[in-house]
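Novice: Read off the chains here:
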Amino acid sequence: MYDERLPGLRRRGFLAATSGAAALALVGCSGGTDDQAQSTSGTPKRGGRLRAAFAGGGASETLDPHLANLFADVARAKALYDKLADYGADLSAQPRLAEKWEPNKTLDRWQVTLRQATFHDGRPVTARDVLYSYRRIADPEQAFRAKASLEPVDLDASRATGERTVEFVLKRPTAEFPNVLAAFGAYIVPENATGTDFDKKPVGSGPFRFVSFAPGRSAVFRRNDDYWEGAPHLDEIEFVVANEESARVNALLGGQIEYAHELNPTTARAHEAGGQIEIVRLRNSAMQAFCMKTDRAPFDDKRVREAFFLIADRQELLDGALSGAGEVGNDLFGKGYEYYAAGLPQREQDLDRARALLKKAGAENLRVTLDTSAVAAGFTEAAGIFRDQAAKAGVTIDVKVGSKDSYWSDILDNGTLCCYRSGAMPIEAHLSQRLLTDSTTNATKWRHKDFDALYQQAQSTRDKTERAAVYERMQRRLYTEGGFLIWGFADWIIGTTKRVKGVETKAPANTLDWARFDKVWLA
Amino acid sequence: MTTQLGGSAAKGRGAVSKCGSAAGRDQPRRRSTRKTAYRDTASGRSFVARRLLLGGAQTLAVVLLVFALTEALPGDAAVALAGDQPDPARIAAIREAMDLDRPAPERLADWAAGMLHGDFGTSLTSGRPVTQYITDAFGPTLLLAALTLALLVPLGFGLGVLAARHEGRLVDRLVSSVTLAVYAVPEFALGVLLVTVLALKLAWLPPTAVGYGTELLGHPAALVLPVLVLLARPVCSLSRLVRAGMVDALASPYAAHARRYGVPGARVRYAHALPNALAPAVQQLARTVDWLLCGVIVVEALFVIPGLGTVLLNAVAERDVPVVQGLAVVFGVLTVLLNLGADLVAYRLTPRAGVAA
Amino acid sequence: MSRATQAAVAEIRDLRVEVDGRALVDGVHLRVHPGKVTALVGASGSGKTTTGLALLGEYPAGAQVTGEVRRPGDGPVGYVPQHPAAVLNPARRVSALLDDIARPQVRHLPRAERREAARALVLRALEDAQLPDGEVLLSRYPHQLSGGQQQRVVLAQALLLGARVIVADEPTTGQDALTKSRIVEQLAAVAARGIAVVLLSHDLDVVRALADEVLVMREGRVVESGPVERLWTTPRHEWTRRLLDDQRAAPPDATAAEAGRPVLEVRDLTAVHDRRTVVLRAPHLALHPGECVAVVGRSGSGKTTLARCLAGLHSDHDGDILLDGTPLARSLRRRDRSQLAAVQYVFQDARAAFDEHRPVLRQVARTAVRLRGIDERAATAEASTTLHRLGLSERLAHRRPGELSGGELQRAALARALLARPRVLICDEVTSGLDTVTRRGILDVLSGLVGEEGDLSLVLVTHDLDTARLARRVAVLDAGEIVEQGPTRQILTAPQHPFTIALMRTTERLETGTRL
Amino acid sequence: MTAYRRFALGLTVVAVPLVLALLGPLFAGDAGPRAVSFTLGGGHWLGTDFVGRDVWRQVLLGGRTVVLTALAATALAYLVAVPVALVSALTRLRRLEELLMRPLDVLLAVPSLLLILLVASVFSPGAAGLALLVALVNVPDAARIVRAAAGEAAARPAVEALRMQGETWWRIAVGYVGRSALRTLAADAGIRLTGVLYLVSTAAFLGVGVAPDAADWAVMVDRNRTGLLVQPWAVVVPALLIVALTTGTNLLFDAALEKKGRRR
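Chains as they are written, first to last, in our numbering: chain A, 1 to 523; chain B, 1001 to 1357; chain C, 2001 to 2516; chain D, 3001 to 3264.
If you're looking for bench data, these hints aren't it; they were derived computationally from the structure.
Just so it is clear, the structure is predicted and the values come from calculations on it, not from any experiment.
Using C-beta positions, here's what the derived DEER-type ranges look like:
hint : chain 1 : residue 1 : chain 2 : residue 2 : range
1    : B       : Asp-1101  : C       : Ser-2315  : 54 to 60 Å
2    : C       : Val-2136  : B       : His-1166  : 38 to 44 Å
3    : A       : Gln-276   : B       : Ala-1221  : 19 to 25 Å
4    : B       : Asp-1101  : A       : Thr-396   : 36 to 42 Å
5    : C       : Ser-2315  : B       : Pro-1154  : 49 to 55 Å
6    : A       : Glu-472   : B       : Asp-1101  : 41 to 47 Å
7    : C       : Ser-2315  : D       : Ala-3008  : 48 to 54 Å
8    : B       : Pro-1154  : A       : Lys-200   : 43 to 49 Å
9    : D       : Trp-3169  : C       : Val-2136  : 45 to 51 Å
10   : B       : Leu-1174  : C       : Glu-2113  : 44 to 50 Å
To be clear about the criterion: a stretch of chain B counts as covered by chain A if any three or more of its residues have a C-beta under 8 Å from a C-beta of chain A, and this derived list gives those stretches:
hint : segment
11   : 1064–1075
12   : 1089–1099
13   : 1198–1204
14   : 1296–1306
Yeah, the Cβ is synthetic: ideal placement off N, Cα and C, and Gly gets one too.
Taking the hints into account, I'd like the entire structure generated from these sequences.
Specialist: In structure tokens form, the structure reads like this:
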């Protein structure tokens, strides 16, 4: 059940920010592998115009890639621009404009080599452009979203060592530095591009060139024949804004668009069998959780936290709140991602044990307020269902529905229990942004020096296997006594007409192959 | 149809209800002469002037109210922009960049000062001028409203007259109950229904206006459903009012008199009775603007028409105070002007009714 | 006057109109001749209007009609109702209906000339109806016209229509003598054009002045008919005699010495409307106990304002109103109970002055409850007695105002005021709009009151000199000024002020039935 | 005769939703286990809703809030509007009348949905708050209408006659002027109730006032519409009930007024 209703109430499609790690070259066909329904119809066809509908930001939208905030912004940005790296399906960093990266021994200096690519105006992408872009993002006068992700980089000390080589100097060892390069919104723009240029004549190195842009309405881009990864199949792509989910579906059914982003599970169910349109489910795209503040009563007692873990009937939550579109969670972030601790046993509802734990903690007849809001799909539904489940364990939950526009800020420091959700990001980013003492968005108030130390240890560990072991230790700790009750991972649902081919079905939202239109063609 | 029912009761009633302005009684006559004075150009002008003054006050009050409410909303533009990255430092930085760290009255004063020079200010979120927001979004909304009104008037009046003509008979009952049933259905439900049936099942019409942007006029088919949804409720209320007015007017002595002197039925209905049913209907029409606006918010969302309603909801969600303010001014002025116009028209149609200023 | 054809232009034979089993008219015969005025005379509810409308081919809803109505074959019937404003469309200019009536008459002309020809017809009709500045008038709205103009516009409609018969329903009711004479003049002119006029009226002065033939109606039947002179000189039916008797009022009281302190005194009263317009100046006026004073003037002369000032209903005035030498508050809200009770006011429109939802008796009794503080039951008993004394039966008293006639309601209104045991009773045009018989009845009640009720003083506000005869003294108001005041006999026999003289003269002329 | 038949018809039409609304909660019983959302069958004879609850049970539960909110809002609106209208109709102080009526004119210039949207976002009201808000939005209009009707009655000599009788302000205002305006009030009430129901349900659509998963017909229509193609009952049944409620009420008012009008 998604909550894509009115523009003002729509779940603002924020992506979770990231900073990241790991190196691996991946080139090639996104529609490559076995069970891809859409790639079966053979060779890509050139030509045509594809209209894609997203929920958008209305008249305030901009094409400044560093200001990208919503899914629609990102989809447009990735059509026009490139990052140095981007996330693969398992959220590991894949090289894009960067051809390769090489750290020094202590992991605090990284040499990045750019591939040969040109901007739409014909200028080559150079090290200077990269440094300009990063410095623009980190400008203390501004508040660009990626600024936090670039925090480890000492940009004053970093420099261009050649036309296409940059040396990044870091403030501390960072094994997952490639994640920084793939960070959300860290796009490379030409040197000296300024704010006003972006809406009028944006120039990037991406697969499409700018044609026209009307904020809140549509953006039209044309194929960039000189794209370094090969020209897109489509002649043109038009992004249209339709905040209302039913409008996107109707437009799709009526043949007014070819691609509708973010559909309801119900819609998916209605049309999956119908055959009028194609439904694409991007698995593991959105973590769904309840977030317990571990620094205050009653959740400062880890027995109460564990009891709550045991209260949740994850399948019921999934069926009720997400209409079954997703997978149950195991109180750990990043199912299916690199470094995920898949070995831990799946938690099931156990009301008796929960009750016993609560009794031990002296928290019988517990009464808690659960903050929720219509800010994201399934939030209020999940709150209602969890309230009913908790009642069976003798816990009274008062559901408090708050303002959707300030929800995230409201729940950061206030309350004790709230609904929470996160888009896809590397597990490392999840840990660093939310679970360290100095994390800026530490909604569970998880502050443990030993846990911080483990994170530093991982970042200084060069060997990947060893690093994975450290991550495993951290996750095991969170599994037993953490503040996140992660009950599910929602599918990201996309609808296309039958003509649309080459839509990647594996990539979670936020990753490279999601909303990537240079590999899509019209049959 | 005779109205003098014989006996004293009918006559007495007629005397009470209809002859208020007739000569022979001091009280009512005096009143009517006073109202006659309004028609002098000077008084007429002062009537308009008083109404404009009131309108100005109304607009001001609306703006203040909206400002107060927008300020009172939880969170501000910075929080809204930060979204799910509510890093306090970042929010503070955004706030500073937006000038939100200054006290609210100061910002309002600044905005008002700019307003006096016709400067609506700039959006907090995008930094673009508010005027651009309004001009861009005005077109589609205006088109929708104009089309709706253009259809509403003949349809509402037509149905009202039709029902009044057949008062108490099947046609009347049919018109009355169908319009009433439609009146009770919220726009979103009606919209969903119409789209499902007319656009998806029958494929007669495009389900949305997605991607047409400002060139809505180039795609008239896409406008059919939105206008239909917008029309549904006002048509009902208007036709009910017209019906009631027409029933009264058709039963009035002056209608009987016109018939008595051989004026054809249609002419009695449209030229003699209808003008009397018009005054309340015209004022209702002005009130319809409020509904249209409400309807537009819903309809714009349902059919993806980037108009004022969409901008408004976005601006509220983004806590983009200058944009909300600008829209409040536009809506306030629009409402005031339309009500003024309606009052003037009504005043013209029933000059004996002193329209309270 | 063309009396060549004696053949009736319209005729009613043995008409019976029945609604819900009750006959409104029964066995009515009527012949209307061109150029002649046929008057239907009778009290309200006697069936005049039903008969008149039958000539127009109109009957009450659900009426069963038997008998024969022959209407003129070659021309329609015109209608001038009692309240011309009612048939004038308030939302359209005067020209609207006139143009519509004229249009068919110019259909034979080429399209281009029609509009002009129609306009010429309309203007001529207006001129015939004595509205010379037609062009200006046409662009006016009905409410912008005076009552007389409205009436003439309606008349013009009938003339434009080419009506051979015009039914005029109570055209003079509630008008002062000067206006009345103008209306008489008008209708006479219409008849002079060879049009048959059917006059429905209870105003015998007007009937006498205008009519050729008179039919006296009572309870739906014609009790007597004949030429007007014959009827006046030798009325045969008892009812006719009563009608005519009623016409002659009681002679004015002999002048008594003005003794003692006045109960109510007005000093330097200046009343304004809308905070600016001065509508009344009364330097001095006194009312002595047991005295009856008439305030006479045309409509708009300020006489009602004077009465309302006295009653505390018009507080926008300067100057003093003294009750027994003590100043009264300007607004009745500030007057205490005894002051309220002392000065009571009876409204012109009795129907509008009653709450239509409650029985009359209950409303009347409230006065005693509120102003004299007696309990509900005693008050009701007293109200019942008073109503009975004023000629209102127990049965009627328990009805709601809607079920009572105008005369009955006026009696109830008097009873309501009397229950306060007032010292001063102000009657504002209480008899205008009532038929002669009813009016006489009310006037009798009033003159009885002055006699019986000890020192009750009466202020009679009227446009009608006939009513004024009841008073001991008369004050004549014109354009907000008291132009003359003095003993009634003196004013009526030897008026000084030109206005009073004009008023007297027209009244006399009407009474003697002289055609103007 | 026909008025009587229409009265009966109105009564029947309005009875179904009213009875369901008022007595439904008594028969709702306990919530069964949740099923998958938007399914048909499986013991749910109207299927399941957007969070897998039984639609029939929700229908039984969901009328009360709608009906009560709408009725309360309508009543509240008149509770404010009628006294304001009566006072301003009867007062002779122009300034008092201005003081009472002008603020309402200002309110009239604020688009009602915008006001609801903003105020509801500020205060996040419950059902009671929503009723209050919807009432507030309706006050200016109602006050104007009642004011017009009361003004007509107040200008009649009957009021002065009552004053002459020394009647109290209350008796004049309520007993006479108020009573005279009753007919207008009744005619207005039918249409206003419909308008209020519309506002309440549209507010639900905008997500203000009621919890998004509340058992409430208006909310049901909105929240379940995504499943219209899969499971129409969750939308159709509550929508029909709302329509029946408003249409029935208006038929009832119409018929009652007609009968009254004939008697006069």
